[in-house]
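Colleague: Chain by chain, the residues:
There are 2 protein chains.
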Amino acid sequence: MKKVYAGIDLGGSYIKAGLLTAGGKRVSSFKILSEAGSGPKTVAKNLLLAAEKLVFLAGKNKTKLCGFGVGSPGTIRYPDGIVTGSSPNIPGWVGTNIGGLFGSRGLEVKVDNDANCMALGEYLFGAGRGTKSGFYLTIGTGIGCAFINNGRLMRGSNYAAGEFGHIVLKYNGKRCKCGRRGCVEAYTAVPALIHSTKNILKKYDKSPLKKNLNDLAPMTIFEAFKKGDKAATEAISLNAKMLGTAIGSVVNLLNPEIVVIGGGLAQAGKKYIDKIRKIIFEFAFDSAAENLRIISAQLGNNAGWIGAACMNFDKNSG
Amino acid sequence: MKKVYAGIDLGGSYIKAGLLTAGGKRVSSFKILSEAGSGPKTVAKNLLLAAEKLVFLAGKNKTKLCGFGVGSPGTIRYPDGIVTGSSPNIPGWVGTNIGGLFGSRGLEVKVDNDANCMALGEYLFGAGRGTKSGFYLTIGTGIGCAFINNGRLMRGSNYAAGEFGHIVLKYNGKRCKCGRRGCVEAYTAVPALIHSTKNILKKYDKSPLKKNLNDLAPMTIFEAFKKGDKAATEAISLNAKMLGTAIGSVVNLLNPEIVVIGGGLAQAGKKYIDKIRKIIFEFAFDSAAENLRIISAQLGNNAGWIGAACMNFDKNSG
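Residue numbers (this note's numbering), protein chains in the order written: chain X, 42 to 359; chain A, 42 to 359.
This list has only true hints and no planted wrong ones.
The following label-pair restraints were derived from C-beta to C-beta distances:
| # | chain 1 | residue 1 | chain 2 | residue 2 | range |
| --- | --- | --- | --- | --- | --- |
| 1 | X | Gly133 | A | Lys66 | 50 to 58 Å |
| 2 | X | Gly147 | A | Lys311 | 52 to 60 Å |
| 3 | A | Gly341 | X | Ser278 | 41 to 49 Å |
Covered, in the sense of this in silico footprint (three residues per stretch, anywhere, with C-beta under 8 Å from a C-beta of chain A), are these stretches of chain X:
| # | segment |
| --- | --- |
| 4 | 118 to 127 |
| 5 | 194 to 207 |
| 6 | 287 to 299 |
| 7 | 317 to 331 |
Think about it this way: if two alpha-carbon atoms lie no more than 25 Å apart in a straight line, the pair counts; the simulated PhoX-like pairs of lysine-lysine are:
| # | chain 1 | residue 1 | chain 2 | residue 2 |
| --- | --- | --- | --- | --- |
| 8 | A | Lys247 | A | Lys268 |
| 9 | X | Lys173 | A | Lys173 |
| 10 | A | Lys311 | A | Lys239 |
| 11 | A | Lys319 | X | Lys218 |
Just so you know, the hints here were simulated from the structure itself, not pulled from any lab data.
All C-beta atoms in this analysis are idealised placements derived from N, C-alpha and C, irrespective of residue type, glycine included.
For reference, chain X alone in the conformation it holds in the complex (with noise of 0.2 Å):
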């Protein structure tokens, strides 16, 4: 009988889902709603079914089901799954215990961060592949990171390493969501992006961008920007600037043999991903960035689910 490794990742929207062989053959996958909005409880419940519906679909496949992973939001205790530490996507979260949810089934499982899970992902079956240490970003409506050293990934002493996008990119700066003051999440997420192109927007008055101003979506964005709209240019080369020199500071510290950019701003495509790299060179110094490959992200929303199934491999498991 076929092994599969079930992988859970969980987000503010949806729980996606899936069974992965060693090899990293997708066998089967899906999404739910998560319903983060109706309290923690509907949220254990959902992240239930979706191991129910695993269980089935390993069933139906002919094959046997090895372990489950799952990837949550916030500061998640390795890999029995006490979320520790904040997670603003699923109020009330703070405090859930996953692998005890679980175990209430039957079932076993292993729960990291959701950004390790996505990294790990990558690192196996994406981008990744081949490389003994990198550093990877999600970078959406708020930034996610991993790290990964000699194969391993660096969850930090309390589970809480990963925070990029709390790392200071202007001293005294900007007011973050957070409340800190200069953080790259503050300058280069998706809301920075829609907010600068909003002020970049009033020296250019005939840019297409300006008929949905109350609007702006990031895709529209990056349409413009993929056609040469001045504004968007403006927008995408100031955000590529700003965030290429927090990654490069990053590579000065940590000299990673590749730098993965995926999330929703990774869509701005391949002229964009050009001018982050840049600009990374640009701040890195020369030893570091020697060898340095900067490259986007592959496996796109799968990665989560899929790097959850992967912890239960025999050599991700510690």
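Here the structure of chain X is known, so what remains is to put chain A in place on it, guided by the hints.
Modeller: Positioned in the frame of chain X, the structure of chain A alone reads:
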């Protein structure tokens, strides 16, 4: 016969060296001039002089010398000791093959970056005893840094990790000696402290620090700070705020168990470390700072050679 390990710490002014037991007992130590201004051949000659003296001392002490370790400025390929990247304090040092140099005398050696050696020394026999992960800083004219994760130095994919001095603190800020803008070092190392003290003194006509303005030494500023001088206090407080913000950023990124602060600036004393600690805890997330300790380095000028010697302990030889 008692086993000893030889450590050599190469600096811009001095070569410090000594013999260490596996239990961390210092059997013997000395320093000689490195004569960096006389070129790399002279420095190499002095390194070998120190090595010969260590061999002699090991014999004199009736001990068995079990290996040499060298800490050198610059990017150092570990363990063979090719100097692959910039080392401004020893002109012409890039390209030197330190391992080959020792090999030519029949001596086996392990070579690493000097900040890595200091961190290893503090980790095993100083401020880091009993911990698993730590962020180690040495702040003087420049800034040295190393990160220990799960008991292992993180050297980076090209041995170029550790440029905490050149992560951005203020986007588009002050020009740094390295050519970048807004680096931590440009705002927080000793030259920046002297510069900002001079600026601040413009407001304080009566400060005794004004007497020697052209020759303002860091120790003079520290003494004035300890006596409550207002200008010195303002300069040190600003330094602590900027440095604390940068360290707090790294805590958010890497979530270490301890931050160890050493080097010339640490001589500003406990009140200075207290100020830095306060800012770090303000900037770090609760989850990342929960069990964090901020402590002064304990081995002073000996950390480098002690750590270099430790590279030959079996458990640190990987």
